[in-house]
Amino acid sequence: MLNFLSNNTVNKNKKIIKQINQLYKTINKYSNKELKEQTSKLKNQLTNKESNINKILPEAFATIKVAIKRATELELFDVQLLGAIALHNSNITEMKTGEGKTLVAITVGYLNSLENKGVHIITVNDYLAERDARLAKNIFNYLNIEIGLITQNTNHNNRKINYACHITYITNSELGFDYLRDNMSTHQNDIVQRDFNYAIIDEVDSILIDEARTPLIISGNSEVADNLYNTAKELTNELNNKVHYKIDEKSKNIILTEEGILSCEKILNLKNLYNVNSPWIKYIINALKAKELFIKNRDYIIKNNQVTIVDEFTGRIMEGRRWSDGLHQSIEAKENMQIAAENKTLASITYQNLFLLYKKLCGMTGTAKTEENEFFKIYKLNVIEIPTNQKCIRKDLPDLVYRSEYSKWKAIASECFDMYKIGRPTLIGTTNVEKSELLAKMLNRLRIPYNLLNAKPENISREAEIITQAGRKHSITISTNMAGRGTDIILGGNPEKIAKIVIYNYINKKSNLAFLNKKEDQIIQILKTIKISTLKENIDIEIIDKDLNKILNNHKLSKSFYNVLQQLTNIYKKLCREERKEVLELGGLYVIGTERHESRRIDNQLRGRSGRQGDKGTTRFFISLQDNLFRIFGGETIENIMKKLNIDDETPIESIILSRSLSSAQKKVESYFYDIRKQLFEYDEVINNQRIAIYTERKKILNSTFTKDCIIEYGEYTINEIINIYQKETEEQKIKVIQQALKLLNINDNLDIKSLTSMNTNEIKYFLHEQLRIKYDLKEVYLEQLRPGLIRQLEKYYLLKQIDNAWQDHINKMSLLKEYIGWRSYGQQDPLIEYKNEAFNLFINMVTYIRQSVTYLVLRSRLIINK
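Quick note: to get this note's numbering, add 1 to the position in the sequence shown (first position is 1).
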C-alpha cells in the first residue's frame, strides 16, 4: 500500500483512490455481462444534469480496473490510479520505466470516452500504436468500447471509421498530416477527423519538446533543378572549412567567409553571389550542410536506394519524411543518387499549435521534470511526479571521462567483455548508427555475442524481441537512443515471448502443421526438449504474433493449442524466475551510456531502462573530451586540467564535479534549444492565427449548402474596397477605378461613366451592389437552366480553389519573410514585431486577392456544353 504522506499529490487523492478500490471489490463480483452493462450505466449518468465526468470517475476507474484484471490478470497499482487521475486533470505525469503507463492511458481513456466525443491516444510510432491498440481491444471487449487504430498503412475510408471510434490510437505524425489533409479537402466526405476533444500523449516530451523544432509539412512537387544541386556539390568540394566557410554546429548552420564568397563568384562567373536574381546561395549553403553537418549512418541511412532520415531522438527511421528547402535534394546529390523534385509547401503546422487545438490535453513520460517550465509556458500543462510502486534502488555511478575517443571505446568494449564473462546483462546506448556499428565491430574482434538494435531495417525488425530478452544472462545489447521503445527489459527474460518464439520456431522448422494435431502432453514433451538458448536467431516478434494468431484462428485445435501455449509459458516462467535471481545476484541490468546527449532527458531515458519495479541495477556513462557536447559547448577547461595533472589517454577521470559540469553544459544546450522552440512558436503563432481564420472560412464553405451568400459578400467587400480607393483618387483617376469595377462585375452595358462619377460615393456603392446582385441572379438562372445545382458546385469550386492557391502562395511569402526579417535587428528594430506587422499586411492582401479573384471568376465564367 502507498505511503500517502510521502507525496502531496498522492495525499490529495487518497480518498478517491480508496473509493475506487472499494468499488472495485464490488464490481469484481459482477458477471462479464453485468460488467459490459457498466458502460451504458455510466453514460446514462452523464446525461443527468446533476452528474458530470468527475462524479463518475471513481466508478469508471473501478470498472476499467476490473476489465484490466480479467483481460490481463494484472491488477492496477494505486500509483497507476493516481497517474490516471493526474492525466484526467490535464497534467503531464512523470512515471518511471516499467510502471505501466500503457494501462494508465487505458484507464483515463475509458473515463473520457464515456462522453462520446472521441479520445486520441497518441504514440511516437506505428509499432507502439499497434501494440497498445491490441491490448486495449482485449480489455475493452469487456466494456463495449470501440477501439480505432491509424497507422501509415491505414487507407482513407478506414481512417474515417477509426476516428469515429470511442478511443483511437494514432501516431503524432499521422494525426498532424490528417489534420492538414482535411483542411485541403474539396468535399465534405473526404474529411476523416472529428473535432479535437481529448488527447493523451505517450512519450510526451519526445513529441511536444523534441519534435516541436520541426513543423509538419505537406508538399507538392515543383521542377527538378538537379543541375544546380550537382554543380553546387562539385563547387563545395573545392571549398575548405575555416578558410571558405565557418561551421556553427550549435545551430546546424554554415556561413561563407569573404574568401568563400569570392571563390564561389569566381567559379560560377558571377559579379554578386547575393544578387536577388541569383539562385546560387541557397544551393551552395545546402551543399555545404550536406557535406559537413549531415552524416550517413548518423543523420540518415540509404534504404531501397533512397535517403531515409534517422530520428536523432529515438534512433528510428522516418519513412516518407524529407528535409525541406532543398536540403534533402542536396544530400541526394552528395550520395550520387537520383534527385527528386523540389517541394512546394502546400500546408504546414507545428506540433505546438496542433496539440493546442485540443479542448483537453495531457501526457505521460518517464522524463519530463527537466522541461516543466516549457510545458507550462507553451502548453499550460503542469508536470506531476508519480511515485514508483517499488522504491528505485538503481545506482547511477559517476561518469568516466577519457581524453581521447579511441580510449573511451576501448574501455567500453573491455567493460562489455568483463560483463559477458560474469554473465551480467548489459545494455549499451549509442547516439547513432555509426557508433553502434563501431562498437559491434570491436565486440566481434573480442568474440562477444551481442544483439544490435539501430535504424537499419535488418535490425529494427527484431526490436521487440531484442529489448524483451535484453535482461537475460550473458546478454549484451547495443542500441541507438532508447526513447520511445515502449518495451520493458525484464530480468531473466520474458516467458510469454520465449514460449511463442519456441513454438513458432518448431512449427516453421518442421514446415508442417501436423504437430498441432498431437495431444497436449505430447506437444509439451516435444517443446520441453527445446532449449531456451535457441532464441539467438533473427526473429521479428510482431510477425510471430500475427502468424501464430493466423494459425490458431484457422485450426480446429486452437483452444487446445492455447492451453499448450499457457503450459509452456508456465515452464518458462519457472526458468526465467531462476535466471532472474542469478541476474539480481550479479547486480541487475548494467546500462552503459557512450556519450552524454544534448538533453538530460535522453540520458535519463537510457538510465531508466535499469532498476524497473524495484530491481537492482547500475548505470554509467563513458565519455571523452572529443564528444560533441564537450567539443561544441566547451571541454577545453577540463582538457587543460587533465594536461596539468599529466593524465594519460588510458586513465579516466571519475569525478562528481565533472558530472555536475556536464549537467551544467546540458542545461545550457537545453536552454539554447528551448529558445529556438520558443522563437519558432512565437513566429508560428502569427501564421497560426491566420491559419485558423483561413481553415474556419474553408470549413464554413465546405459545410455550406448555399454558398451564394458568401460570393455576394465577397463581391460587396470588393466593391467597398474599390470605393475606398475611388474616394482618394483625382477626377481623372476616378474614371479608371470605376472602369475597373465594371470590368470586375462583367458589366458591358454602355453606361455613362461620367454620370456615374457625378454621384456621391454612397450612391455609387449602392448602384454597384445592385448591379452585382442583378448580374449574379442572371448568371444563376442561366446556369440552373443548363444543369440544376451547377451554380452551387461552381461557387464551391472557385471559393476553395482560390483560397487554397492564395494560402499556398502566402505560406511561401511568410517563409521568405521569416528568413529575412532577422536583418531588421541591425536597424534597431524588433524582428518579431516587424514580422507581425508585415505578416498582417500580407494577410490582408491575400484576403483581398481571394475576394477579388473569386468575384471575377464566378461572374465571368463561361460554360460550354457538349451535345
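The set of hints was computed from the structure by calculation and includes no laboratory data.
It cannot be assumed that every hint is accurate.
[As the list claims (entries may be wrong)] Only pairs whose alpha carbons sit at most 30 Å apart, straight line, appear in this in silico DSS-like list of lysine-lysine: (1) K709 to K802; (2) K701 to K668; (3) K669 to K679; (4) K755 to K766; (5) K700 to K118; (6) K814 to K345; (7) K42 to K360; (8) K370 to K42; (9) K474 to K378; (10) K297 to K272; (11) K138 to K34; (12) K13 to K34.
[As the list claims (entries may be wrong)] Derived CB-CB ranges, DEER-like: (13) R632 to T215: 51 to 57 Å; (14) T215 to K802: 26 to 32 Å; (15) N838 to H188: 35 to 41 Å; (16) N55 to E35: 21 to 27 Å; (17) T215 to K669: 19 to 25 Å; (18) L576 to H188: 33 to 39 Å; (19) Y407 to A341: 35 to 41 Å; (20) Q391 to N838: 53 to 59 Å; (21) N142 to K411: 52 to 58 Å; (22) N838 to K709: 32 to 38 Å; (23) D196 to K669: 40 to 46 Å; (24) Y31 to E435: 54 to 60 Å; (25) I268 to K304: 30 to 36 Å; (26) K13 to K345: 49 to 55 Å.
Backbone N, C-alpha and C fix where the C-beta goes; we use that ideal spot for every residue, glycine too.
Tested hints:
1. K709 to K802: 16 Å, holds
2. K701 to K668: 46 Å, violated
3. K669 to K679: 15 Å, holds
4. K755 to K766: OK: K755 and K766 at ~15 Å, within 30 Å.
5. K700 to K118: 19 Å, holds
6. K814 to K345: 12 Å, holds
7. K42 to K360: Status holds; Cα separation ~25 Å.
8. K370 to K42: 38 Å, violated
9. K474 to K378: 46 Å, violated
10. K297 to K272: 35 Å, violated
11. K138 to K34: Distance ~17 Å between K138 and K34 Cα, so the pair holds.
12. K13 to K34: Judged against 30 Å, a Cα distance of about 34 Å means the pair is violated.
13. R632 to T215: 51 to 57 Å: Since R632 and T215 have Cβ atoms about 24 Å apart, the given range 51 to 57 Å is violated.
14. T215 to K802: 26 to 32 Å: Check passed, 29 Å falls within 26 to 32 Å.
15. N838 to H188: 35 to 41 Å: Given about 37 Å between the Cβ atoms, the range holds.
16. N55 to E35: 21 to 27 Å: 24 Å, holds
17. T215 to K669: 19 to 25 Å: This hint holds: roughly 22 Å between Cβ atoms.
18. L576 to H188: 33 to 39 Å: Given range 33 to 39 Å: violated, Cβ gap about 59 Å.
19. Y407 to A341: 35 to 41 Å: 39 Å, holds
20. Q391 to N838: 53 to 59 Å: 57 Å, holds
21. N142 to K411: 52 to 58 Å: The hinted range 52 to 58 Å holds for N142 and K411, with Cβ atoms some 54 Å apart.
22. N838 to K709: 32 to 38 Å: Between N838 and K709, where Cβ atoms are some 36 Å apart, the hint holds.
23. D196 to K669: 40 to 46 Å: Holds, at about 41 Å.
24. Y31 to E435: 54 to 60 Å: 56 Å, holds
25. I268 to K304: 30 to 36 Å: 34 Å, holds
26. K13 to K345: 49 to 55 Å: 52 Å, holds
The structure fails hints 2, 8, 9, 10, 12, 13, 18 (numbered hints given earlier, in ascending order).
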